[in-house]
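K.L.:
Here is what each chain is made of, one letter per residue.
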Amino acid sequence: MTIIETSGLTKYYGDLCAVDHLDLSVGNEIFGLLGPNGSGKTTTVLMLTTLLEPTGGSARICGYDTREEAREVRRQISYVPQEMAVDIKLTGRENVAFFAKLYGIPRRDEAVDRVLSMMDLSERADDLVRTYSGGMRRRLELAQALVHEPKVLFLDEPTIGLDVAARRKIWEHIRTLKSRGMTIFVTTHYMDEADHSCDRVAILDRGRVIAVDSPSALRARVGNDIISARVRGQIGDTFPEGITHLGERDNGEIVFSTDHGSEKVPVLFHWLEKRGVSVQSISVREPTLDDVFLSLVTQREEGHGFDDHKFRTMLRRR
Amino acid sequence: MKDILYYFERDMLRWIRGRISVISALIMPAAWLIFVGLALPTTFSEHYIDFITPGILVLTMLGASLQGGSLLIFDKILGFLNKFLALPSSRESILLGKILFITTRGLIQATVILVLAWALGASLLSPAGILLSYGILALFGILLSAFSTTIALYLSDHDSYAAFNAMVSMPLFFTSSALMPYSVMPSWLAPIAYWNPVSFAIDAIRSLQEGVLAWTRIGGLAVLAALVVAFCVQKFRKVTV
Ligand SMILES: Nc1ncnc2c1ncn2[C@@H]1O[C@H](COP(=O)(O)OP(=O)(O)OP(=O)(O)O)[C@@H](O)[C@H]1O
Ligand SMILES: [Mg+2]
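Going line by line, the protein sequences match chains A and B.
In terms of the working numbering, the first sequence has 1400 at position 206, counting the first letter as 1, and numbering is strictly consecutive.
In terms of the working numbering, the second sequence has 219 at position 175, counting the first letter as 1, and numbering is strictly consecutive.
Bound-form chain A, shown alone (with noise of 0.2 Å):
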């Protein structure tokens, strides 16, 4: 089953492309949109919930096109913007009351106590949103954005800004949720949540997708171990065999991939050493959506335009 498809789905802001033919078919899943910062996500967004007129292609939602049948689509979803926006001066209750009138919901204060109860925000229900911290007022615009049981939410950054333990408890009631039937569309940049939580992830870079998968499946796409390292001097370009150069980090570490990694740590320090690179430290790890994104790019970067298939052959021949 459908519930989000997009196809072409494109926007320019003037002369710049922030989303580049974006083709997309999400089910009734958890379903994660990742990219760094700038890379086209919260545009992407804006076009699914009608709020931003694509330049080119179309996206449906449950079957109604965003376009024609917007007032449609915005009975089926929810939305939860990248900033955080409740009303302080209200307290919790009013601020989720506000949108059950809004939505029309029969039985309002019924609806309003039970998406309080289940975002944990009862208790605190009367108190003015003044007085919440940040994973509170992240929970109360979801209570806001469930309470007419949306068939798809969508949430832009629903972490951001939140501490290990907020971002945790958010992640569980999106789970929660997704157990119960709902589609739940969701970008991010911390890779590693969406490792955790996400069905299926988009990767998506400069407006691009350049990766669709299970993030499990993406990670095997890179192989079994990664060693990082850290070193001075000039690596080349020629390693050995069975290891992989896949790029280096925004933080100077250089990372490679290899299905065996503890016995090609010696085989590349010292092919390093030998060419005269003095390696500082390295290490063996399982590799991270981080890992995918810094693979892809780098291919993208060195110019063979991104080709999927190539790259899995790639992968294969190692």
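Honestly, I wouldn't trust all of these hints.
Computed from the model, here is a short list of chain B residues facing chain A with C-beta under 10 Å [to be verified]: (1) Lys46; (2) Tyr50; (3) Tyr51; (4) Glu53; (5) Arg61; (6) Phe128; (7) Ala182; (8) Ile195; (9) Thr284.
Lysine-lysine pairs mimicking DSSO-like chemistry, simulated, CA-CA at most 30 Å apart [as the list claims (entries may be wrong)]: (10) A/Lys1283 x B/Lys46; (11) B/Lys46 x A/Lys1345; (12) A/Lys1345 x B/Lys282; (13) B/Lys279 x A/Lys1345; (14) B/Lys279 x A/Lys1295; (15) A/Lys1295 x B/Lys46; (16) A/Lys1363 x A/Lys1468; (17) B/Lys279 x B/Lys46; (18) A/Lys1372 x B/Lys279.
Per label pair, the in silico range of CB-to-CB distance [what the hints assert, rightly or not]: (19) B/Leu57 x A/Asn1418: 52 to 62 Å; (20) A/Glu1317 x B/Val66: 29 to 39 Å; (21) B/Leu70 x A/Arg1301: 36 to 46 Å; (22) B/Ala207 x A/Gly1328: 49 to 59 Å; (23) A/His1215 x B/Ile67: 54 to 64 Å; (24) B/Ser200 x A/Cys1211: 39 to 49 Å; (25) B/Met45 x A/Asn1445: 38 to 48 Å; (26) A/Lys1345 x B/Met45: 38 to 48 Å; (27) B/Asp201 x A/Glu1442: 34 to 44 Å; (28) A/Glu1317 x B/Ile64: 47 to 57 Å.
If you are wondering where the hints come from, they were derived from the structure by calculation, not from laboratory data.
No residue lacks a Cβ here, since even glycine has one placed at the ideal position from N, Cα and C.
Given the coordinates of chain A, work out where chain B with the ligands should sit on it, guided by the hints.
P.N.:
This is chain B with the ligands only, laid out in the frame that chain A set:
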């Protein structure tokens, strides 16, 4: 339709709970009346307070309406507007709710002025006259708040809105019949003042003082308000972020 009331209720609660803003909203028009009404030397009127009160009433509505546009700017900057636009409820009720709130708030301020003017010795209108004055002020508030809220929809930050506000409110007020009658205006100003919508409202209220219903002025205001609201509703229906 009910949605308009829900949006109105939200703005009202937020305003009332911001205590300071309520106090300032009530004191500002009073200060205007006292300084402009009593401190300016005048030669053309025996009873300047009677002459200036309609001007200050309309000025207050003007200020309240233009100030009111910033409500939408904040809703926009803080992300509320995006949430509202993603709701299935009709988008024009966002606009109409703002118009209702801004106009109501303006009328509350106008009441302060009426009471104060009366305390300062202005002659009182008949009950029907008072009612009609409120009607005229409401029409004027609807016209201006629809305009300012829709402008706010297209501006991206508070600074540019403040610039717009200053650019519009000063000329509108000073080229109106608020401060002097047409007979003493410079000849270049009189026709401009006559066609200024601010004067429509002021002249209509002044006529009430003489027991006259200025139908053309009231009608002009009503037609203008209807046109502007209809136009703004269209804009809100189609808006994208
Ligand atoms: N209203 C706008 N006008 C012009 N350019 C814009 C506008 N909104 C976004 N952009 C540009 O479009 C690109 C994508 O922005 P978008 O906000 O969708 O990214 P994002 O992935 O949500 O980033 P972040 O993680 O920072 O929220 C960026 O380069 C941004 O500068
Ligand atoms: Mg964003």
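K.L.:
For each hint given before, does the structure comply? Return the numbers of the non-compliant ones in rising order.
P.N.:
The structure conflicts with hints 7, 8, 16, 18, 22, 24, 25, 26, 28, although it agrees with all the remaining ones.
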